[in-house]
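Enquirer: What follows is the residue order along each chain.
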Amino acid sequence: MLADLLNVIRRDLTIAFRHWSELVNPLVFFIIVATLFPLALSPDIAQLRDVGMGVLWVAALLSSILGLDGLFRSDTDDGSMEQLVLSPIPLSITVLGKTIAHWLVSGVPLVAVSPLVAMAFYLPMAAWDTLIIALLLATPTLSMLGAIGAALTVTLKRGGSILGLLILPLTGPVLIFGARATDLAAQGESPAGPLYLLAALAALAVSLGPLASAAALRVGLE
Amino acid sequence: MLADLLNVIRRDLTIAFRHWSELVNPLVFFIIVATLFPLALSPDIAQLRDVGMGVLWVAALLSSILGLDGLFRSDTDDGSMEQLVLSPIPLSITVLGKTIAHWLVSGVPLVAVSPLVAMAFYLPMAAWDTLIIALLLATPTLSMLGAIGAALTVTLKRGGSILGLLILPLTGPVLIFGARATDLAAQGESPAGPLYLLAALAALAVSLGPLASAAALRVGLE
Amino acid sequence: MWRTLTLFFHQLASPPHFYRWSGLFAPWFAAVALVLITIGLYGGLLLAPPDYQQGEAFRIIYVHVPSAYLSMLSYVLMATAAAVGFIWRIKLAHAVAVSTAPIGASFTFLALVTGALWGKPMWGTYWQWGDARLVSELVLLFLFLGYMALHAAFEEQERGDRMSAVLAVVGVVNVPIIHYSVVWWATLHQGPSITENAISGAMLWPLLVMIAGYTFCFGWLLLLQLRSEVLEREAGARWTQRVLEASP
Amino acid sequence: MEGEGSLLSVADLELWRGQRCLFTELTFGLAPGQVAVVTGANGAGKTSLLRVLAGLSVARAGDVRWRDQPVNKLIPPQRAEVLYLGHLDGLKRELTVVENLNLFRRLWGIVEPVETVLEPLGLDGLAGRAVRTLSAGQRRRAALARLGLSQADLWILDEPFTNLDEEGRALVEGWLRRHLRAGRLAVVATHHQLRLGGAGQLRVEL
Amino acid sequence: MEGEGSLLSVADLELWRGQRCLFTELTFGLAPGQVAVVTGANGAGKTSLLRVLAGLSVARAGDVRWRDQPVNKLIPPQRAEVLYLGHLDGLKRELTVVENLNLFRRLWGIVEPVETVLEPLGLDGLAGRAVRTLSAGQRRRAALARLGLSQADLWILDEPFTNLDEEGRALVEGWLRRHLRAGRLAVVATHHQLRLGGAGQLRVEL
Ligand code: HEM
Ligand SMILES: Nc1ncnc2c1ncn2[C@@H]1O[C@H](COP(=O)(O)OP(=O)(O)OP(=O)(O)O)[C@@H](O)[C@H]1O
Ligand SMILES: Nc1ncnc2c1ncn2[C@@H]1O[C@H](COP(=O)(O)OP(=O)(O)OP(=O)(O)O)[C@@H](O)[C@H]1O
Ligand SMILES: [Mg+2]
Ligand SMILES: [Mg+2]
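Protein sequences, first through last, are from chains A, B, C, D and E. Okay, so the first sequence: first residue is 8 according to the working numbering, each after it adds one. Okay, so the second sequence: first residue is 8 according to the working numbering, each after it adds one. Okay, so the third sequence: first residue is 950 according to the working numbering, each after it adds one. Okay, so the fourth sequence: first residue is 116 according to the working numbering, each after it adds one. Okay, so the fifth sequence: first residue is 116 according to the working numbering, each after it adds one.
Okay, chain A solo, but in the shape it has when bound (with noise of 0.2 Å):
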């Protein structure tokens, strides 16, 4: 089961890593979406503070679903699913395993780089370790969800913008826990309520999520 897993995991990040710029892409995106925020504000740096670990969380969010488009519609268009479906390892580890790839990709490298764009919002130093475990039990959620939307949507053309539609609802828990979490830890205050119900929420979403997203690709595949 596991070296399934793992076999899984391997392929997908075999395919992501193809071109070097697929790496560093969703890291870029997510530094210049929050860097194009202040432009459309007043530069007024009291108020970039404030504002700073909002953006950071909605970019966190955005860039992370941006990817998740094409978890299954690749495969689905070029007859990989039904060898996928048909290969001897179940489904929902197959999906448990592509969703954990794209998470290495797109949600790791976000949490890496993190710290500095709080840097960039003048985020008191205090809230970092706070901002980092957040976004690392966040995004293990958001991806999960897009797996989710993405499997519903991979038999209708062009889901990016249906996807998002899907999935932004649903994410709004996790952006709520999130941004308290960190704003009670710039506060001073202990940040564990909201990091408790956003593990709790991690939890549930990487348990049931890889059925939920199997179910849905096996009827899309129909």
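These are calculated hints, taken from the structure and not from any lab test. Worth double-checking, as some hints may not be accurate.
Claimed, not checked - Derived contacts from chain B toward chain E, CB cut-off under 10 Å, selection only:
1. Arg-18
2. Ser-81
3. Ser-87
4. Leu-111
5. Ser-214
6. Leu-228
We treat Cβ as the ideally placed atom computed from N, Cα and C, and that holds for glycine.
Following the hints, complete the assembly by docking chains B, C, D and E with the ligands onto the known chain A.
Expert: Coordinates of chains B, C, D and E with the ligands only, in the frame set by chain A:
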């Protein structure tokens, strides 16, 4: 020439309207992104008002660029692009038509819905007409820039994220002028300056953009 | 006349020819650059009087302005070379564009860093979002990086050349925006001072010498980069083999 | 028609697409060493039938069993006994030929190295090339390389000869003959004439 | 080989893909009523050649002219004289057959109605169906419907018979014969045997 242009626009609109969801999507996406922001911010009306316009612009930017990845990709994948390139219609006209169609589907609904979002963010009423004019002038430029990016990356797999990378820096000026115009109007001053500059950028983009996109597309097919 | 001129250029643009004469020129560029930069630094750091407002901090100008100016020059050069390569399908022109990109990106980076360091004592902040000069210069850096990323994303060299050429040409619109940003917007950054005669002679001449020195330095770096780029592109050709055998 | 020794058995199959009934009461059994050749005009339902046999979709009525198990309920190890190759190649365009085949090997748990199969297919020079840059026929060959690697007992092939030249076609027919001689089974949908020598052929006309 | 009355003339063509030379010094001319049948093994360069002839890509060296104009510099009205049909169908999956063909008609300025061509292709019942739901052969038929609609003088067809059944193949061959009898030209790359009766065939072996 004009007839050709209209034919291409009609073609792409037919394809876009095949799913009714295509029509409402960018719109719903725009609204959702704009409403997610307040979630990630501390709920403070004064702050919201300040941030509102910036958020509006970045949301507009992202939602109009999101749909652009598929502008040429799906045509290239299914062989339609070969047919379009070989058709008696000059390629730059085809590109212009496709981009206009994309703008009609993504830019115009966005402009139409902007007052709603402005209201949600407590923007002063006086700035609404400026906001609408600025969006009307800015969205064609964004679409044209997006089209160039889409043409450049059409032969790359999973263009989405690299597309953001290429295009976002160029959209900086559009964002700055757009935000400044609404800002000025909100403060009761004349927004004419930045609006003129937006118009100039739009003229530049619409006249030269299709040539650049057409050149890139041709290279992609070679 | 025209014919001999085109013939001359075609000769020059043929890779083995280019490789030969660039090997002759490169050291001279390096030497001139070294001399000019030494004179400029001496004049700027020791001879020029401290600024009556800024004190010694103003001396950053001797690094900042030349690198800012070269960042723009190298972008224009890159875009021109890319356009020439695209239109006339000249391989060497593409090689010029590709080799310019990392150098231009470095100068842009240098201009950003020196500008930011200068900004702290002058404006009280390293960076100011919404300042058109600063942001458009940052966009220039992203354009260089985007060009390099796009070029690297293609496996076939020729397609990568031609695709990124389109991007380079489109990005040219940013150059006038950088230059005129101080005129068009109310920026923190100061307006044109060299062309407006707003700078005293003792401060000015080292600056001009530095600019010239940087330009030669740029030329030298470009030749070096270009030589290895050309070798790489012509890896299969016979003259390349001979070159590689000759140099152990 | 259904024999005792049938490993693959189809009983009373009824298939609908949209509002149209493609066929009803299709019944046959396939014993070791036998090949079912599915023929019919364009749109007759060959692909639809093969997808049902592979367990990718379910029919409106009827029963398809592999070793007495309904095909869409096979447990994972049993799934490795069936190999399906459809109209689409199922190759990642960005990966090289070898990488693609290695992915396949790893997921199916095949130990045989890729190299053995590249040479007869004429792909040995192209092993390191991205599939995207292959010609249509070379791509089809890369997809068919799975047949050479796999130890599956049942091959389900949809138009395997698409885009292949004469030599490629003969090669695949040779593999098919060897497969059948080894006592294995195949279902092949094709518009071409299959030249299989003496192998037991079952014609399924739709 | 190059005749006086050649409308399509190819001179000293040299084609490279990646580091490989596909062919050099290919020279031929095609006169009205003639068809060039391009054959060769998988990967020989048939598709690459056809794309050059259609003006989609440029060769490393050589000259391809249609009515004495370089093919990649044809002015728009002249482009309508050439019809290219590649490995890909060029149909939008989400649109119906009729919508797809109407798009084609509008862009090419063709007045003939779509209906005339659907019936012989056996697509009349499927006119309102999204291309996505067609079978592989039906999709190819929909793509080939362009041949029936267009008034182009030069057809450039890459493997037109892919996925077609026997009847579909005969139909397309019939259209090709009629096209040539009308004094028009064609270039066809195929692994099949072309049955064209008495038409003037020029064999191009790669
Ligand atoms: C990160 C901050 C900065 C950036 C990105 C930046 C960028 C640039 C650029 C691109 C130019 C060339 C403009 C042209 O040739 O059209 C330039 C020139 C110049 N900069 Fe900066 N700069 C920054 C900070 C500063 C600071 C703090 C000062 C000093 C107050 C300064 C003083 C100058 C001067 C005197 C020139 C020459 C102006 C002329 O004669 O045209 N810069 N800068
Ligand atoms: N982008 C590319 N880079 C390198 N080689 C390529 C590229 N595209 C095609 N080739 C090679 O060029 C050769 C000719 O390809 P082409 O598609 O023209 O063949 P073909 O004769 O049409 O073959 P088939 O019968 O399989 O369709 C092939 O060997 C192929 O591998
Ligand atoms: N989603 C769908 N909705 C409605 N009808 C469909 C759908 N998918 C397929 N069909 C129809 O079902 C029939 C069978 O299709 P199938 O792909 O099985 O044909 P086939 O025998 O493989 O044909 P070919 O030789 O062209 O490959 C066709 O007439 C097709 O139009
Ligand atoms: Mg079929
Ligand atoms: Mg071919």
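Enquirer: Does each hint hold? Answer for all of them.
Expert: Evaluation of the provided hints:
no.	hint	in the structure
1	Arg-18	holds, 5 Å
2	Ser-81	holds, 8 Å
3	Ser-87	holds, 5 Å
4	Leu-111	violated, 17 Å
5	Ser-214	violated, 20 Å
6	Leu-228	holds, 6 Å
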